[in-house]
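Participant: Here the sequence shown is numbered in numbering that gives the first Met the number 0, starting from 0 and rising by one per residue.
Hints in this document: simulated from the structure, not taken from any laboratory.
Just so you know, not all the hints are guaranteed correct.
No more than 27 Å apart at the CA atoms, straight line, and that leaves these computed lysine-lysine pairs for DSSO-like [as the list claims (entries may be wrong)]:
{"#": "1", "residue 1": "Lys-76", "residue 2": "Lys-172"}
{"#": "2", "residue 1": "Lys-144", "residue 2": "Lys-172"}
{"#": "3", "residue 1": "Lys-28", "residue 2": "Lys-55"}
{"#": "4", "residue 1": "Lys-55", "residue 2": "Lys-155"}
{"#": "5", "residue 1": "Lys-155", "residue 2": "Lys-76"}
{"#": "6", "residue 1": "Lys-76", "residue 2": "Lys-28"}
{"#": "7", "residue 1": "Lys-28", "residue 2": "Lys-155"}
{"#": "8", "residue 1": "Lys-155", "residue 2": "Lys-144"}
{"#": "9", "residue 1": "Lys-28", "residue 2": "Lys-172"}
{"#": "10", "residue 1": "Lys-23", "residue 2": "Lys-76"}
{"#": "11", "residue 1": "Lys-57", "residue 2": "Lys-28"}
{"#": "12", "residue 1": "Lys-55", "residue 2": "Lys-76"}
{"#": "13", "residue 1": "Lys-24", "residue 2": "Lys-155"}
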Amino acid sequence: MRSHGRITTSCQSNTHPNILPHYKKAERKQLLRARVSQLEGFFSNESLALFPDFMKRKAVLQALGYIDSITEAVCLKGRIACEVNTCESLVVTELVLDGILNELEPAEIVAVLSSLIAQEKTSDEEETQLSELPRNLIRCCNRIKSIAYDFGALQKHHGLLVDPGDYVDGVLKFGLVQVVHEWALGVPFCNICELTMIQEGSIVRCITRLDELCREVRNCARVAGNPTLYQKMEAASAAIKRDIVFASSLYVY
């Protein structure tokens, strides 16, 4: 170390009149390089806290066919799902492509879709009311349950902290299926309120949001090239968009 120190001090650069400005420039350059290296580490994939979760969710979408597993391009399923913002887009996409909505009447379609919009939990009494619905509607409700459960199981399989049963309970609530079905058939608002213990404001909020979902499903049908479902969604939207629920003002009404 002493020999190296003597060699260093004997260098002519140590006696250069501008050595201090040169040293300052070299020091600043080294500090900037260290800062750049630090920032590159901050923005790397490994440093992102949610990156592992992102990769798991991308694997789920690839397994379902929403993203191409090789090119990572968005597939037809993905383009359809992008049309839905009101509720769980994956469940809606599977319903559209499954074709089961084509077999339902417009009133039955909005009744099924209400399970994706409703926020209130379903009581045991309201569960028994589902058995009084048309057979096609009951079958579609069971189908949407199966779709949601499979999604939850697939997410759990890819390492996400999702319980299939809890996922179904969080995504689907069937408390207003009969209410919305009767409303779409033309039953007055005062009569449908007697079918459930859910407050009137929640019913109005569900139906108004349901109209927005009808427009989104109509766009899904357009992207999927399904004219039959497109026309049924227009009819479904017209069936629920009436009377006091969509009045601009209760005083005017």
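Participant: If you check each hint against the structure, which ones fail?
Facilitator: 3, 6, 7, 9, 10, 11 and 13
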